[in-house]
Amino acid sequence: MRPSQGTFQVFNYLCPTQLNQAKHLMGGVIDIPSFYDNLSGRENLHLLASLSNFRASKSEIESVSALVGIETIIDKPVGVYSNGQKRRLSIAQALLPRPKIIVLDEPTSGLDPQGVKNIRNLILQLNQEHGITVFFSSHLLSEVQKICNRISIIHKGKIIKTVDVKDFLFDSFFSIQASPVEELLHFLKEKNIPYRIQEKYILASLDGNHIPEIIKELTNRNIFIYEIFRHQLSLEEAFLATVEGENQ
Amino acid sequence: MNILSSEIQKIRANYRTYGGLIVLWGLGILIGINVWYNPSLLPLKHLGFRLSGLYIPGLTLYPLAVVGPVVAVLIAGESIAGERIKGTLRMILTRPIPRTRIYLGKLSLIILYSLFIVFSTLLITSFLGFFLFGGGSVVLPVDFNNISSGFFTLSIQEAILRLILAGLSVSFYILAYASIALCLSSFMSHSLASPIFTLIFTAASTVIQNLEVFKPISPFLITHHLLSWQNLMAQSIKWNTLFFSYLIVGCYFLGSFLLGIIIFNRKDETT
Numbered sequence: 016m017r018p019s020q021g022t023f024q025v026f027n028y029l030c031p032t033q034l035n036q037a038k039h040l041m042g043g044v045i046d047i048p049s050f051y052d053n054l055s056g057r058e059n060l061h062l063l064a065s066l067s068n069f070r071a072s073k074s075e076i077e078s079v080s081a082l083v084g085i086e087t088i089i090d091k092p093v094g095v096y097s098n099g100q101k102r103r104l105s106i107a108q109a110l111l112p113r114p115k116i117i118v119l120d121e122p123t124s125g126l127d128p129q130g131v132k133n134i135r136n137l138i139l140q141l142n143q144e145h146g147i148t149v150f151f152s153s154h155l156l157s158e159v160q161k162i163c164n165r166i167s168i169i170h171k172g173k174i175i176k177t178v179d180v181k182d183f184l185f186d187s188f189f190s191i192q193a194s195p196v197e198e199l200l201h202f203l204k205e206k207n208i209p210y211r212i213q214e215k216y217i218l219a220s221l222d223g224n225h226i227p228e229i230i231k232e233l234t235n236r237n238i239f240i241y242e243i244f245r246h247q248l249s250l251e252e253a254f255l256a257t258v259e260g261e262n263q
Numbered sequence: 016m017n018i019l020s021s022e023i024q025k026i027r028a029n030y031r032t033y034g035g036l037i038v039l040w041g042l043g044i045l046i047g048i049n050v051w052y053n054p055s056l057l058p059l060k061h062l063g064f065r066l067s068g069l070y071i072p073g074l075t076l077y078p079l080a081v082v083g084p085v086v087a088v089l090i091a092g093e094s095i096a097g098e099r100i101k102g103t104l105r106m107i108l109t110r111p112i113p114r115t116r117i118y119l120g121k122l123s124l125i126i127l128y129s130l131f132i133v134f135s136t137l138l139i140t141s142f143l144g145f146f147l148f149g150g151g152s153v154v155l156p157v158d159f160n161n162i163s164s165g166f167f168t169l170s171i172q173e174a175i176l177r178l179i180l181a182g183l184s185v186s187f188y189i190l191a192y193a194s195i196a197l198c199l200s201s202f203m204s205h206s207l208a209s210p211i212f213t214l215i216f217t218a219a220s221t222v223i224q225n226l227e228v229f230k231p232i233s234p235f236l237i238t239h240h241l242l243s244w245q246n247l248m249a250q251s252i253k254w255n256t257l258f259f260s261y262l263i264v265g266c267y268f269l270g271s272f273l274l275g276i277i278i279f280n281r282k283d284e285t286t
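Chain order of the listed sequences is A and B.
First residue of the first sequence: 16, per my numbering; consecutive thereafter.
First residue of the second sequence: 16, per my numbering; consecutive thereafter.
Hints in this document: simulated from the structure, not taken from any laboratory.
None of these values were measured; they are calculated from a predicted model.
Ideal placement from N, C-alpha and C gives every residue a C-beta, glycine not left out.
Possibly wrong hints are sitting among the right ones.
Unchecked claim - Straight line, CA to CA, 30 Å or less: simulated DSSO-like cross-link-like pairs of lysine-lysine:
no., chain 1, residue 1, chain 2, residue 2
1, A, Lys115, A, Lys91
2, A, Lys73, B, Lys101
3, A, Lys173, A, Lys231
4, B, Lys282, A, Lys101
5, A, Lys91, B, Lys101
Said to hold, decoys possible - If you want the footprint, here are the derived chain B segments under chain A, 3+ residues with CB under 8 Å:
no., region
6, 22 to 29
7, 99 to 113
8, 280 to 286
Just chain B, with the same shape it has in the complex (with noise of 0.2 Å):
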């Protein structure tokens, strides 16, 4: 508890932390001010449904799938990585705690930061839809890639319950990067190598996902489960494609934790 509560002293005085914030923030709050402004560009205005305020935080789940791994990983890169170029590691290492409680002490705040990310970002988006739209059950289609397929309704309540898997979803999504990247902090020397690594792991995987060749292994990509949360919006959800994509996702996580769990116990810090 120590560890996690001088993590969160650290990431508060941070400056990065808020530009990640902002930038999740201030999507959300785009998103919302461009419904209001156009709200043509649902196509459900056009068939004559009354717009829900949960929709903002639906839509803003779009950016933070994307955005939020971006922003987690490069505090979770920087974690390790720039506490040895500051030299800050070395002093905490002359202190009465074990290698393994620093990392978990890390690796908790970066559960921490995920979840924050993506809930304050749509609490934000909810508080501005209501205000925008208001309250109401949601509507959605049936099939998303095919307008024509018909429409069901959620009552608030299960839109809001759904709203919060999806946002759990997301922020599993999100920790998975951020333990990948904390995994490569634990032996780099630059506090942005680890975050560039990350991003170029990322883009040779959605790269890869899409070549025919590796079709047979592209469900086992992390990038292929970047959307995964959208099954909780469809009409029946599809449980058992959606606790694949948590094991996939959750083998990425588990996987780069341990590893990086071993590394950081083996590494010598020196000058």
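Chain A on its own, in the form it takes in the complex (with noise of 0.2 Å):
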């Protein structure tokens, strides 16, 4: 897509001015992997790799398809490859060239748990085993709390946070009790601090360090604090949390 306005970086590389440039760094895997079903898994690779002006050896197609296991498959046309080894060789598209980075689109979507498990622990592979840097979106919010470090949500087509996911998950998000509820909500309004009401308690996303000063702050206030604890969420419900905090 045409950038509507901005820029970004990659490496040294300003993006979109040097796209290009940049691309030569990245390996990337789009939401539905399409690919030349009367070529054979291999001649596919050979093509893509040659626009990235990289010349694939035998070997190295070899060493990236038993990498994503589809070395039993390689030399059939792709047109009789399952969904799943479509991933699959999408993501040795993606790895040939040998990027720093790759970027990859619903790499689980429309494949079954199995598959979805196999794609996972491929990633993780990648990233521990080869010290590739993996850029991920997904909707599979599940999926993104068992494979990322690092995430960042977007809401309404704009970055709302970037944060690793065990302070995101683990340190952000306190449960309080407090009385009269009402004040307690002006008073995150106020300070903008992102929260939702889950049954009897308000879950607010507030940064450890500073909550001996919240507190004395609502104390101050005539606001009685009850209870409040540090809430373990998961990525679903600390995401819910975030952009429901966004629209109020």
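These two chains come separately, so use the hints to put the complex back together.
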């Protein structure tokens, strides 16, 4: 897509001006992997690698296809591949020009549970054993939670939060029971603190280091705190709390 | 070069490529066999002239000029729109390659394809012609529309040279159509839409060309130059007329090429 405005940087390349130079360091997997069905997996890999000015040797193709687990079908026409096999082939094509970063768009959509698990393990293996940074976009937040170290939440086309998953899930959310509730909500709105109401608690995204100050300020405003504790959320709960906080 | 070789790899795996070739080669072979069985089809035989094998590729230029654009348009029209539908275009766009180069790669393939369909057919029909009738100089009427206007003789070398030039002219004519189809393909999202629109454009151009009221613009219509290569078979070639034809066909080629590149560079490719 043509960018409407703004820039971003990939290593030393300022994009979109130097996007093609930046793409030499990146591999991409689109949401619906598409290949030339009449060509074999090997021919597809050769063809796509050549478009990155990368001459893939036989051994490189064999090692990358073994890495993603399609070595036994690499010489068959892609037309006979299953969805999961096409996903693996699409990851193989992204890896072949030896990128430093790969961008995966919805890599597990449309796969059965076993396929999802295999792709997840593959992504973790690429990161942990091969040192490749993976940008991973997904609506399946349980998958994101299992795979990612760091996340950005995009809401209405804008990044509203970028944070380490560990911090986001374990450090940021506190359940508060206080009275009067309206005053507490007013305070949170005033301080632009994202929150959501969860049964008798207010779930608020707070910086753990500021808790004593917040308690003090609430007390000064005659808001009585009955309970405040760190809340361990799933990524989905944390995401919803953040997004709903943005909407308020 | 990488793009061109990848385009060649793709077209080799496309069955439609061979379908078009078989049709053109088949037509050429049919013409050769037909003339062999019924040499009276050529009035020259009646007049006592020996038939040269080169008549067969010469006659094949007619179906090439008519069917060749259809074959090339089917390939060019699918070139971008087909990849858009299959999703492979988005895959290609993840690669570090500017869109202009992708378009140029596809155009280069179409140039090669246009030359290949014409010259492979001419080569096959030349072999067939030499096999059936042998070589020798070529006798041609001074006026193709009036056989009693007299005859002139071309040496075999000159006949071959003129045949090659005529082949290049037909290739250029086919290429202009293919370029129009590629241009349409750059924004259409159905692999057959672009060929269909190109053929509708051809039909419309043919109708307009034959209407009296449009006579003044007729020379600027691409279909007007369908048989411009025939000029190369005249006793004295009217180079000015021929170059005017090349200029008009070249304008169609260049115009559609530039428009196609602009559209292709601006179009968002989304799911």
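Status of the hints after comparison with the structure:
Between lysine 115/A and lysine 91/A the alpha-carbon distance is near 29 Å, which keeps this suggested pair within the 30 Å criterion. Distance restraint check for lysine 73/A and lysine 101/B: the Cα-Cα separation of roughly 27 Å lies within the 30 Å cut-off, and the hinted pair is therefore satisfied. With a C-alpha separation of about 34 Å, the suggested pair lysine 173/A and lysine 231/A falls outside the 30 Å cut-off, and the hint is violated. A distance of roughly 27 Å separates the Cα atoms of lysine 282/B and lysine 101/A; the hinted pair therefore holds under the 30 Å criterion.
Between the alpha carbons of lysine 91/A and lysine 101/B the distance comes to roughly 19 Å, so the proposed pair stays at or under 30 Å and holds. Against chain A, the region 22 to 29 of chain B contributes 4 residues with a C-beta closer than 8 Å to a partner C-beta. That satisfies the three-residue criterion, and the hint holds. Here the region 99 to 113 of chain B counts 11 residues with a CB under 8 Å from a CB of chain A, which clears the bar of 3, and the coverage holds. Given as covered by chain A, the region 280 to 286 of chain B passes the check, having 5 residues with a CB less than 8 Å from a CB of that chain where 3 are the minimum.
Taken one by one, the earlier hints fail for this structure only at number 3.
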